[in-house]
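S.K.: Residue strings, one per chain:
Protein chains: 2
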Amino acid sequence: MAQHVNFIEVGPRDGFQNVKDYIPADIKVKLIDDLLAAGVRRMEMTSFVSPKAIPQMRDAAEVVCRTLETHGDEGVELYALVPNTYGAKAAAAAGLREVATVISVSESHNKANINRTVEESLQGLEKMRQALPDLNINLSMATAFTCPFEGITPVENVLKIIRRAAGLGITRFCLADTIGEADPKMVRDTLTIVQQVFPDITLDVHIHDTRNMGIACTLAALEAGVCNVQAALGGLGGCPFAPGASGNVASEDLIFMLNKMGFTTGIDFDKMLAAAKYERSVITGNFSGHQVHIGEPCH
Amino acid sequence: MAQHVNFIEVGPRDGFQNVKDYIPADIKVKLIDDLLAAGVRRMEMTSFVSPKAIPQMRDAAEVVCRTLETHGDEGVELYALVPNTYGAKAAAAAGLREVATVISVSESHNKANINRTVEESLQGLEKMRQALPDLNINLSMATAFTCPFEGITPVENVLKIIRRAAGLGITRFCLADTIGEADPKMVRDTLTIVQQVFPDITLDVHIHDTRNMGIACTLAALEAGVCNVQAALGGLGGCPFAPGASGNVASEDLIFMLNKMGFTTGIDFDKMLAAAKYERSVITGNFSGHQVHIGEPCH
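Here the protein sequences come in this chain order: A and B. Residue numbering for the first sequence follows our numbering, starting at 5 and increasing by one per position. Residue numbering for the second sequence follows our numbering, starting at 5 and increasing by one per position.
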């Protein structure tokens with residue numbers, strides 16, 4: 005079992021993106037500060053997307069610049085999600101050295117999500133690499149385990165995309181359980197195969213907690229040898245295909261368990277929980293983290 | 005890994021007991037019916053306690069009699085929780101052949117919970133056995149992993165109580181994570197030791213989901229070879245030591261995952277989820293099951 009966990013906070017992107025009311029940049033920057041102060045060393049901090057499509061992320065450049073000003077020299081890995089080369093350029097212009105971009109493994113979800121075939125997305129990735137050769141690009145693979153339209157995702161399709169992207173020089177991949185329907189066995193089986201076929205890539209997992217399997221799936225990933233795990237403060241996030249569903253695994257719940265089990269995460273649980281409680285006090289959202297509710301009256 | 009899971013529904017006792025408003029006996033009986041129709045084969049269905057202490061359970065005899073009338077010949081294992089010989093006699097008089105009684109492994113929790121020393125509780129258990137030699141008594145051991153007052157429970161104390169109770173003829177034990185603070189490693193370690201020392205007892209686990217580790221802990225129990233796992237429909241339940249905390253692992257979430265992973269549970273998920281949604285429509289409580297919230301608007 006992996007003993008060290010490289011925890012990756014994605015709340016400021018995947019969490020905030022699903023919050024309806026605009027969160028002022030001051031609050032975003034403070035929460036990012038708090039997370040870094042708690043010991044987070046890698047974070048998906050915003051998204052460079054069309055402000056018309058996702059108004060919440062319209063302050064991406066400001067959030068990045070202010071954060072880099074304070075924390076740029078601390079050796080933390082800060083990156084943003086980008087849908088295309090235009091977004092990647094904006095992220096680089098704001099000072100980031102790394103971005104993540106998304107391709108869905110299943111054709112129908114890729115079509116629904118970004119209106120492209122998987123092949124068109126791979127060609128877009130190639131163009132992004134050519135346009136920005138000095139930018140680190142990691143590839144997030146949505147519906148890597150199951151798809152809301154196609155059911156269980158064949159692991160061959162995951163391998164195929166990794167093979168193509170690796171050929172373009174991509175070395176870091178994230179397998180995402182987009183709708184929170186992967187079970188621990190499925191996570192273990194897929195990750196085992198991917199690691200056997202591609203022993204040299206860096207592999208992350210991104211698990212949603214829609215059906216309460218999120219923590220168990222994350223633990224299954226760690227037991228399968230994948231030590232880069234993502235979660236979102238407060239369990240914020242959501243899924244358009246499952247209204248009312250909870251979002252990501254809650255960072256504070258995951259860190260509580262991992263620290264307790266003897267994994268080294270480098271994260272101070274009390275500081276992280278304080279950040280989650282502050283988040284809940286200033287943001288109106290669907291907080292599904294259990295820890296963040298303890299001590300509050302029943303509802 | 006255990007392939008067959010003996011699922012034990014405890015919602016009608018541990019769930020309902022924590023619901024403030026009285027649930028009419030008709031609704032209790034219907035939910036028990038629905039759970040049995042979904043395939044549940046063992047259930048902690050009520051509690052024979054002082055109606056002054058827990059008014060919710062004042063209809064215990066009625067609920068038992070009506071359920072036995074319909075399902076008494078189906079070979080399902082129906083039992084009730086009893087705090088003492090008086091309750092055990094009432095349960096037997098209502099027609100039950102099995103009861104569960106509770107001793108906390110930690111002295112301070114036993115004192116807080118039932119105002120007895122562990123030794124006094126063991127003597128009470130002996131008297132119950134003598135008074136009702138034909139009644140099956142299983143022993144639920146609260147704070148078997150951690151205690152809100154004493155912290156981590158030494159496994160030696162668990163073994164000591166099992167040894168004493170086994171000497172009184174008790175053959176079935178339930179290890180309860182009363183406050184939901186056990187982690188999967190702790191569950192695995194404790195259960196492994198208990199099974200090594202007492203290979204012939206029947207062992208159940210009862211896990212609360214206060215800190216979102218419930219499903220992972222239950223899976224750890226199954227992986228450690230304990231195939232009798234308890235949960236409560238809708239995730240109802242609570243813990244007086246953690247206000248606002250969620251209750252038990254939600255039956256429907258657990259069954260969804262186990263069926264998906266290929267365990268045989270004998271339970272029809274769709275029927276169980278329908279029961280959980282019906283429960284939520286007629287009871288005002290703290291429903292923490294994820295599945296029961298899917299499809300509802302965000303809040």
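It should be emphasised that the hints constitute simulated quantities derived from the structure, not laboratory data. Be careful, since some hints might not be right.
In silico lysine-lysine, PhoX-like type, Cα no more than 25 Å apart, as pairs [as the list claims (entries may be wrong)]:
#, chain 1, residue 1, chain 2, residue 2
1, B, Lys189, B, Lys164
2, A, Lys275, B, Lys264
3, A, Lys131, A, Lys34
4, A, Lys275, A, Lys34
5, B, Lys281, B, Lys264
6, B, Lys93, B, Lys131
7, B, Lys34, A, Lys189
8, A, Lys264, B, Lys189
9, A, Lys189, B, Lys264
10, B, Lys56, A, Lys189
11, B, Lys34, B, Lys281
S.K.: Take the hints in turn and mark each one as holding or not.
M.R.: Checked hints:
Using a Cα cut-off of 25 Å, the hinted pair B/Lys189 and B/Lys164 holds, with the two alpha carbons roughly 21 Å apart. Using a Cα cut-off of 25 Å, the hinted pair A/Lys275 and B/Lys264 is violated, with the two alpha carbons roughly 36 Å apart. Between the alpha carbons of A/Lys131 and A/Lys34 the distance comes to roughly 35 Å, so the proposed pair goes past 25 Å and is violated. Taking the CA atoms of A/Lys275 and A/Lys34, the gap is near 13 Å; set against the 25 Å cutoff, the hint holds.
Between B/Lys281 and B/Lys264, the direct Cα distance comes to roughly 20 Å. Compliance with the 25 Å bound is thereby established for this hinted pair. Pair hint B/Lys93 plus B/Lys131 holds up; C-alpha atoms about 12 Å apart against a cutoff of 25 Å. Distance check on the hinted pair: B/Lys34 and A/Lys189 sit about 34 Å apart at the alpha-carbon level, beyond 25 Å; violated. The straight-line distance between the Cα atoms of A/Lys264 and B/Lys189 is roughly 9 Å, inside the 25 Å bound, and the hint therefore holds.
Taking the CA atoms of A/Lys189 and B/Lys264, the gap is near 9 Å; set against the 25 Å cutoff, the hint holds. At roughly 47 Å between alpha-carbon atoms, B/Lys56 and A/Lys189 are farther apart than 25 Å, so this suggested pair is violated. Taking the CA atoms of B/Lys34 and B/Lys281, the gap is about 13 Å. The hint holds against a cut of 25 Å.
Figure legend: structure checked against the earlier numbered hints; hints not met, in rising order: 2, 3, 7, 10.
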